[in-house]
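Residue numbers (numbering that gives the first Met the number 0), protein chains in the order written: chain A, 0 to 159; chain B, 0 to 860; chain C, 0 to 299.
By construction, these hints were calculated from the structure, which means they are not laboratory data. Quick reminder that beta carbons are idealized off the backbone N, C-alpha and C, glycines included. Careful: at least some of the hints might be erroneous.
Ranges between beta-carbon positions, derived for each pair [said to hold, decoys possible]:
hint, chain 1, residue 1, chain 2, residue 2, range
1, B, Trp556, C, Glu223, 23 to 31 angstroms
2, B, Ser80, A, Gln108, 50 to 58 angstroms
3, B, Lys473, A, Glu87, 38 to 46 angstroms
4, A, Lys117, C, Phe58, 50 to 58 angstroms
5, A, Lys117, B, Gly779, 45 to 53 angstroms
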Amino acid sequence: MSRRSDTLEPRTVEADKVVDSVCPYCAVGCAQKVFVKDGKVTQIEGNPASPISRGRLCPKGSASKQLVTSPTRVTKVRYRRPYATEWEDLDLETAVDMIADRVIKTRRQFWQEETDGKRTRRTLGIASLGGATLDNEENYLMKKLYTAMGAIQIENQARI
Amino acid sequence: MAEAHPVGFQWVVEAKRRGATIIHVDPRFTRTSALADVHVPIRAGSDIAFLGGLVNHVLSNDADFREYVVAYTNAANIVDSDFQDTEDLDGLFSGYDPESGHYDPTTWRYEPPEDPTSDEQELQQELEHEEHEGGSDGHAQAHLAAQSEARGSGGAAVPWKGRRDETLQHPRCVYQILKRHFSRYTPEMVQEVCGISPEQLRQVAESLVANSGRERTAAFCYAVGWTQHTTGAQMIRTASILQLLLGNIGRPGGGIMALRGHASIQGSTDIPTLFNILPGYLPMRHADQHQSLDQWLADDEGKAGFWGESRSYAVSLLKSYWGDAATPDNDFCFDYLPRVTGDHSSYTTVKAQIEGRCKGYFLVGENPAVGSANGKMQRLGLANLDWLVVRDLQMIESATFWKDGPEIETGELVTEEIGTEVFFLPAASHVEKAGSFTQTQRMLQWRDKAVEPPGDARSELQFYFQLGKRIRQKLAGSTDEMDRPLLDLTWDYPADELGDPEPETVLREINGTGPDGAALSAYTELKADGSTACGCWIYCGVYADETNMARRRKPHWEQNQVAPEWGWVWPANRRILYNRASAAPDGSPWSERKRYIWWDADEGKWTGDDVPDFIPDRSPDYVPEDGAKGPAAIRGTDPFIMQTDGKGWLFATVGLADGPMPTHYEPPESPLPNPLYQQQNNPTRRSLATASNPLNPSYTEVFPYVFTTYRLTEHHTAGGMSRTLPYLTELQPEPFCEVSPRLAAERGLEHLGWATIVTSRTAIEARVLVTDRVRSLRLGDRTIEQIGLPYHWGPNGLVPGDSPNDLVNVTMDPNVYIQDKVGTCDIRPGRRPRGSALTAYVEEYRRRAGVEETTTEGTQG
Amino acid sequence: MSTPVESSLWGRLDDPAADAGYADHPKRKGFFTDTSVCIGCKACEVACKEWNQVPDDGFLLTGMSYDNSQQLGASTWRHVAFVEKPIDVPAPVDLGMPTIGSEDQGAVSGDAGVRWLMSSDVCKHCTHAACLDVCPTGALFRTEFGTVVVQPDVCNGCGYCVPACPYGVIDLRKEDGRAFKCTLCYDRLKDDQTPACAQACPTESIQFGDLDELHERADRRLAELHEKGVDVARLYGRDPEDGVGGDGAFFLLLDEPEVYGLPPDPVVTTRDIGSIWKHVGAAAGALVAVGVASFLGRRR
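Only chain A is shown next, with the shape it has when bound in the complex (with noise of 0.2 angstroms):
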């Protein structure tokens, strides 16, 4: 047996903390414990203490840390600007701030004090889909700001 298989550990045991999550998948919901070494994700793997999944994954569920982790992730803003034919690259302070310019301006440019007589106050220019993957307090948050805006062409996966 050599030094290294005399020595080996899982790679588990050097966590610097084990977390707790659920899978991004399906609906099922299943528990995952994500361990972090110097800040990354070292291994996910199923939680037996949940009472839905007892510890197992399907394929997806274990592949999470490869989704987590994945090179081919984009971790910086890409823009394109109308009519050109490749991305460019854009701060990410300047895009929250162009793009809050353009819901200011669809807004206004589309908005409907009334329709057909009846007051509606709203907007018909602006739309959102997705909500299905995120958290209950981010759609919470997305409803509410478009509410306020009027986009009521507020939609997600379940419609799909």
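With chain A held as given, fit chains B and C onto it using these hints.
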């Protein structure tokens, strides 16, 4: 279920081990079928006929759980004498208006009382008023705005509980109507519609009956095989009828379970990012119907059951949105709510994008260019925006359509001519943010944050909080009335150094707070006077005692089998809804074996392992006084406490757009005429007429085969989270279609060779798997071939391929505006034409099939 | 610690760890894979790769039902086999003649239904492991748990082990040169953890534990299935008297082993040292037989 929810399927395997019979109904033989006792191959989209055959079996053999049916359902209720069934009208119910394509459900009501009380009269007047309001059909308006979905946590209101004949002999009682209605669904008819043999139907029916009653229960699990049809809501209704007849609702081991497909798709319905509802299934404000706060709440307020308290829920929501600005004097900022005027659903919005009426679009963890029906429509919409914000983990097709979408290849779109400004913002993954998901059994589970998101990646919570802050800053000082709702919004969450709000403060806002600012414990504490705030009334209690109940993780081995201390289930941490039905009318368990919730006479309360879904101390012999309202009107034997009549509805007097009972109609594209009635399709289906959404004519030889789409275990929906990962991609590396050996022989398809599948929308290519798992179905004297298409692929990802959703047409269920995933097609060996030759190829098919070019744009339904 | 030396090459051996020189050691660990509850989800394949950091094995649609990882190898340590078999019907005797003409003929295909067998294959961790016997560097060794592990820091990629395995499990990773296979998560075992595949398996098709206890469990399960009339159920690799002295990873199958691509009578190739190549020939012959059998199976 094994295919798309493998870990949930462990409980099916466990049940089988303990002696349960597993029946799997699916067009294809899947990994679920492999472990089932019985696999029932069915023609895609014909489920109402199959379930109707089961209902017919139960009713014609008197095999229902009679005590349950009489006491807990509306079987005994007498229906209005003007009601006419599809039996009388060849596939239509009474009240259909062919011009508008809508039903007026007035004749579906319970027979009016001969001597109505003043309350009943008042309610009836209200309903009639609604009916004629605004000069147009009130119900048509309601359905256009998809308001039936506002019943996501309870039933529609009825003006009176109605006269009952508990012998079930009255010819107009629901039981007898149901019996007549479903008598057409004979085993022979089921075979002709579904391709299921009478022997197999009997086998399933007998198994269900044998496993229902006092001692036993049976459960139904379904997914988008039921929802994604023009008759989707009614398919589930048929299952509800069957389960009510068999006494399988509100009891352990019973029920109908939606196996939902995304981590928090249930949560995003409860706290909706949906056009037609507000948190807690409160309807969105309608411009015509809801001109005042009172009108908005009129449907439910003051009526029997817990919806009777809707004013408290609504006012508390307005308080949580607009805080101090919301006062009794301004109707709690009710005027700030934007109004709907009809269908603003996703597909209708895409049509508006194509027509240039909607110019800004946020895509948040969703990839409609691959995941939605008729991908071309989606991409044409995206290409006609002013600006598009895409937030995702990977570079998905909906962000790159302008560069490499299929229409760029065909020349239908040219990159340099697409004016859409695209912002791609990287999103944080599930381990890079804390928050709660609501899983498919309504359970909220909290995730802690494990690591920081990489680079520019941020949570949606951070993004929307910052976007809202910025918009408010830019509008600060505006005197324009239209900006008041934004400026008065409560939007001051404590945030960390990345600007990420503390998610538990948001959950606490959702939970709600009382006059003293402390977290509330239950929605029964909500008040209509503005003294409480609550972001989603059905979630009230998730932060009881200032504790994040969704974060509870007591191991299951330290708890009873209900495991109430793991996570938190809405409402009130109740695991089985309507569980008062698990006890007999007198409050005793139906049987020892199926004991769950029962009346403890000594203690004077309901008890059991779960939280009773009933007023805790309401005794089984309680009879409400005349004129009682809200919860006080709930009889001690009425388990369905969200219904105004307290009964499970075998017959839906109101609330559905397409009839009080389910009826089989053919999918919008079908290879055969409807064997049941002259009426071919759902008469109230919602069609979307636009040039990019042509429909195949039914029963044409040009498109002779049925296709349907589905998932594989190894992938996830539109693939953004799976076909980007090597470990999942290697397991199912390429798009393929599955065909029977007979179809392969008929069309010369070779195993592992290429095939081109074509509809009026487009043609795609996929590799061929010839397999006995796809059965040729015999329907009467003809054989139907079905083609199976896993839909996970698109032009991006580790192994690119054509997207099967490009084949699907958009025709929608009239209740919920979900598309029908079944269609007709042709299939030919070989790869599809490239470039502009592809459009010519599809054009030629359309010409041969006689598909009319859509020149007039419009929606119908 | 000195490297234990495998001493017994053949015959019944109840304690391979002791035989390898471990004086005081934990009970022998193993897998019992009950294929009757396998749903073919492949969670085992992915969980194994995530834990052991095994690279992907290429993106190839094979057309072998839903099996696109094909076989065990250096980069596939768990492999789920999928076998589609039309259900045998006691119908008119099929003379094996080509059918003629009648338009309806094709529709008959699959009408009686189909069986879809799934089985998660893995290194057998043989009681008598030829791979270990032939390894010249001592890279392959018997662990204190009675399992067989290849040590990547020792392996020199000579490849002797590859033809020695009677099951065709161990293989060299081309881009790396060394031999790899299932370690039964040796590192996790040392910390008293369940191997990644068994931990993930949704339906408990893969069960991990003390081998003697697993034997009992498997025997009970087999009896239960036989009682239910599932006569085809059988155990594979359970018998300590078989050609490899029984497997540390054994199976409950619902058909002949050949149907799953498993050799019917594996024999430790070092039984008669010096005649390895003869046995390799036999193993290849067995694989041909598997091909024929599945072809015939399809025709039935």
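Hint by hint, here is what the structure shows:
1. B:Trp556 - C:Glu223: 23 to 31 angstroms: 25 angstroms, holds
2. B:Ser80 - A:Gln108: 50 to 58 angstroms: 54 angstroms, holds
3. B:Lys473 - A:Glu87: 38 to 46 angstroms: The hint (38 to 46 angstroms, Cβ to Cβ) is violated, given that Lys473 (chain B) and Glu87 (chain A) are roughly 24 angstroms apart.
4. A:Lys117 - C:Phe58: 50 to 58 angstroms: Since Lys117 (chain A) and Phe58 (chain C) have Cβ atoms about 56 angstroms apart, the given range 50 to 58 angstroms holds.
5. A:Lys117 - B:Gly779: 45 to 53 angstroms: 52 angstroms, holds
Of the numbered hints stated above, the single one contradicted by the structure is hint 3.
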